[in-house]
Structures are given as C-alpha cells and as structure tokens.
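Start from the sequences and build out the full structure, keeping to the hints where you can.
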Amino acid sequence: MSRYFTEDHEWIDVDGNNAAVGITDYAQEQLGDVVFVEVPESGKELGKGDDAAVVESVKAASDVYAPVSGTVSEGNAALTDDPSLVNTDPEGEGWFFKLDLSDTSQLEGLMDEAAYKEFVANL
Amino acid sequence: MPDQNDLDTAPMQDQKLPLDAWHRVQGARMVSFAGYEMPIQYEGIMAEHLWTRDYAGLFDVSHMGQLQLIGEGAAEALEAIVPGDISALKAGKMRYSLLLAEDGGVLDDMMITNTGHNLYIVVNGAVKHEDIAFMRAHLPDAIDLDHMKEAALLALQGPKAAHALTQIGVEPVQDGWPVPGDLYFMEAGPFLWNGVRLGISRSGYTGEDGFEISVPAEHVEALANALLEQPEVKPIGLGARDSLRMEAGLPLYGHDMDPSTDPVEGNASFAISKTRREEGGFHGSERILKALADGPARKLVGFSIDGKLPVREGAPIFSGDSEVGKVTSGGFAPSVGAPIAMGYVAAEFAAADTLLEAELRGRRVSMKVTKMPFIANKYHRRGKVK
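These protein sequences, in sequence, are chains C and U.
When we follow the working numbering, the leftmost residue of the first sequence carries the number 1, and every step to the right adds one.
When we follow the working numbering, the leftmost residue of the second sequence carries the number 1001, and every step to the right adds one.
Rather than coming from a laboratory, the hints here were simulated on the basis of the structure.
Ideal Cβ placement from N, Cα and C applies to all residues, glycine included.
Misleading hints may appear alongside valid ones.
What the hints assert, rightly or not - So the derived list for chain C, only partly shown, Cβ under 7 Å to chain U, looks like this:
| # | residue |
| --- | --- |
| 1 | ASP25 |
| 2 | GLU29 |
| 3 | GLY32 |
| 4 | VAL35 |
| 5 | PHE36 |
| 6 | LYS59 |
| 7 | LEU123 |
What the hints assert, rightly or not - What follows is a list of derived Cβ distance ranges for each label pair:
| # | chain 1 | residue 1 | chain 2 | residue 2 | range |
| --- | --- | --- | --- | --- | --- |
| 8 | C | GLU29 | U | VAL1336 | 37 to 45 Å |
| 9 | C | ASP81 | U | ARG1136 | 50 to 58 Å |
| 10 | U | VAL1336 | C | ALA77 | 33 to 41 Å |
| 11 | U | LEU1228 | C | GLY92 | 32 to 40 Å |
Here you go:
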C-alpha cells in the first residue's frame, strides 16, 4: 500500500484499484475543531477535482475534493456521529471516503510523504 | 480542503496590535481582522470557549476604537446622533448605544461611559475611522474628540474574572474608592495597578461576568502577563469571542446590524431611552419611533438548528417556498452543543418557536426561532441576590 498527498492537504492510501481518502494532520490543525462532516454516498462517481465531501469546523466550511477519479465505495459513517475523529486521528480513523479508482495513472502527479512534508514546511 | 471561506491569513498591510509578539509567544494563529493581525485562536476555539464559561478568558480587543469626548455639553451634543439618554448618565455608569446615520440606519454600536470628566466611548475596530469622521462632522467644534491611540484594551471574561483581577493587586485610585470587585455590571472607574492607571468597566461581550480594561499600550504586556500568571486565566482568540457572543445573543456590527438596519428591527430597541422616545430629536427619530409604534417589518431573531450542520452567515431563510429572511451570524455553539444562528425574518415569522428552514448548498436545514440569549447571561447586576 502506498500513501500519496495533494497540495489541497488530502492523503490517499492506494492498494491496487482501491483507495481511502482523508485530510492531513496539517489540514485538521488549520481547520480547528471539526463539528460536522458530510461524506459522499457509495456509488457516487467522482471526477478528479470534484467536490467530494464537506468539513465544517467551528470557524468555517471547507470542501474536500476528489484527489483522483473513481467511484465511491464507502463513506466513513463514523464521522457523522463523531466529527472530532478528524481532529484526533486525521490520517487513520478520521478517513473520509473510499474509492474504486478509474485511472491509476492520475496518481503519478501526487506527492509522497517526504515531498508533502517539504511542501508543508515551505508554506 | 483549500477554501477557508471566512478567514484568510493576515496580509502584510495589516497593523500590529501592541501585544502582537505576545500573542505569537502564546501560540496564537493570527488572521486579518478589522485592519489588524489578530489572534483567531490559541489552543482551539472549542476549548477556549468552554474555558471562558468556566474560568476566565483574556481577550485582546485593542483593535477597537477608544475615544474621549471632552467639553461642556458633550452628552447633549452626542444625543443628536445616538438614541440613548446620555445626559442622564451618571458618573461611573456606562450604556450600550448606537451611532445613527441621518436616516436612522445603524453606523455602529458602542459603549458610552460617563467618567465624571468626559465621555469615554468604545467603538468597533472595523469602522472606527468612519465613526470618528462621522462624529467629528456632526458634533460642535467646541467638543474635543480624542482617539486614544496609545491605549490598549483587554477584556477579562468569565466567572473567575473578578478573582483574577483581585489577585494581581488592582487598587483604588484613592483610599476609600472602590476596588474592581465593587463595580456592578455596566459600571466603570479608574484604578491603579503597579502605579499604572487603568480604566476598568464591568462589562463585556460574552454573556459572562467580566471586565474591560483600558491600559496604556506600553504597559499592556506586563498586565497581560500578570493576568496570565493566574491559574484561572487563559488567552482567548477571536473565534471563541464570536461563538461566546452568539450564545449570549449579542449582535455583531457589520453582520447582524449595518447601515441598512434600524435599531428596532435590529433587536436593539432597549438602546432607545424612554425620554428619547418621548422627545425624539436624534438621527432618524421619526422613522425609528414609527417603527417602535407600528412594529418593524422584519426582525433580528435567534435560531436553534436541527442536527449538526452549522448554518452560517448569508444563508437564505424559507417558510415553505417563500424566502422570508437571511442568516446574519451562525456557527457551532460549544456551550449549547449544537449549531445556532441569528438572522432577519419578516415580522410575521419572528415569534418564538416558529419553524423555518435555511438553505445550504442546495438543501434545507430545519431551524426554530428561539428567544435569545441561548445561554443565560451571568452579569453581576446591582441588586441581584447572589
């Protein structure tokens, strides 16, 4: 399994054609206390860059985009009951949705962990 | 998650607060607000909000405009542009009032204190320069209007605020004069701390007991440090200030009130003093007194929200298919444990318990008109049995 990162502060874990998507620790830190998360329903087709989920913190609403194209296989229902999972475990239990990838070549433009770390360090 | 709709990081042209470096040492995240780089949060909005309700929160509100009106007849002159009975305000008392445009629209809300030798006025930071220009243009030349640029302003809010202020050794200016704990809600006086003169009022914008402290900018850091040494005090940012004031049912100028709103529809009729209702003679008094008599066409009300999705400023409000209003403030309310909002609705929908809907990203969210405040005020009122 490999983990990729986007400049929009999303992470994507890829295992073959399956992927899980969430926001990074840096992103949750910037957002602050998360009070509401809306994840996509399974079966929804997402193109790369489409609005996929909404995360609301105490101070603002933000969109989460699909980092790559695919079909949603599962949204994280746990976030509906406990949105604060995004703060406490953003890169684990706080995942947003799972995708069946339609074009794995789109992964090529994404960052690996080292590149993302450097990207954040330069913000 | 690129779009943070509300806030951008601070651009370079913003002014720095006297406590700028101090905020950064305390771990603040700074944002652009009212022309200043200001702390939005330190450890987190939720924790800061709840801390203030349980203990004491220290807020830097030095972006606000501190003004003095000096001269014979200042109170009477001011009454032409505010609807409060300022000439009847006794020394040591303060009052919430509104700066009114010629047509009665609200240019700002403000706190006016009779210090005994002048009127001390605190106005919103975002419009302070416009306020000053407007006041200068509408007050006689003989009245001096001083913008106290060398003064910082702190707010200490919460049930432990009085204790913290006592612990740092704030003293009366003269023997036998009051200490801060002797003040009641909406009273003010001069005090000394380490030889530094402070103007302290028992007031604030959180719904809690608390104080606002005017201090010379060169001494604000020492004062902030002394307060922060008290175990019950933590620094609190703008984010929690906003959620605290919403729960307290307090309008935020520029959001819940603006030049297109009059005081009656803005839920601020209480700021129109009895004698002024009888005598009029202030900007827009004809329109405002008519709205008082007839009832306003629309009204600022509070909403409790069904579910967890925060309803925010700008969301249209519906009753069935008809659009009947707009949300002007909204967000998650940490002490309520749910989202709340404020907004304007047509008067026929303003009664408590009216069921309405807000539209957010193409979906409807159920809301119920709710009497404000959302959290009971805990002001230290004179005559209240403790």
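* Of all the hints given earlier, name the ones this structure violates by number, lowest first. => 1, 2, 7, 8, 10
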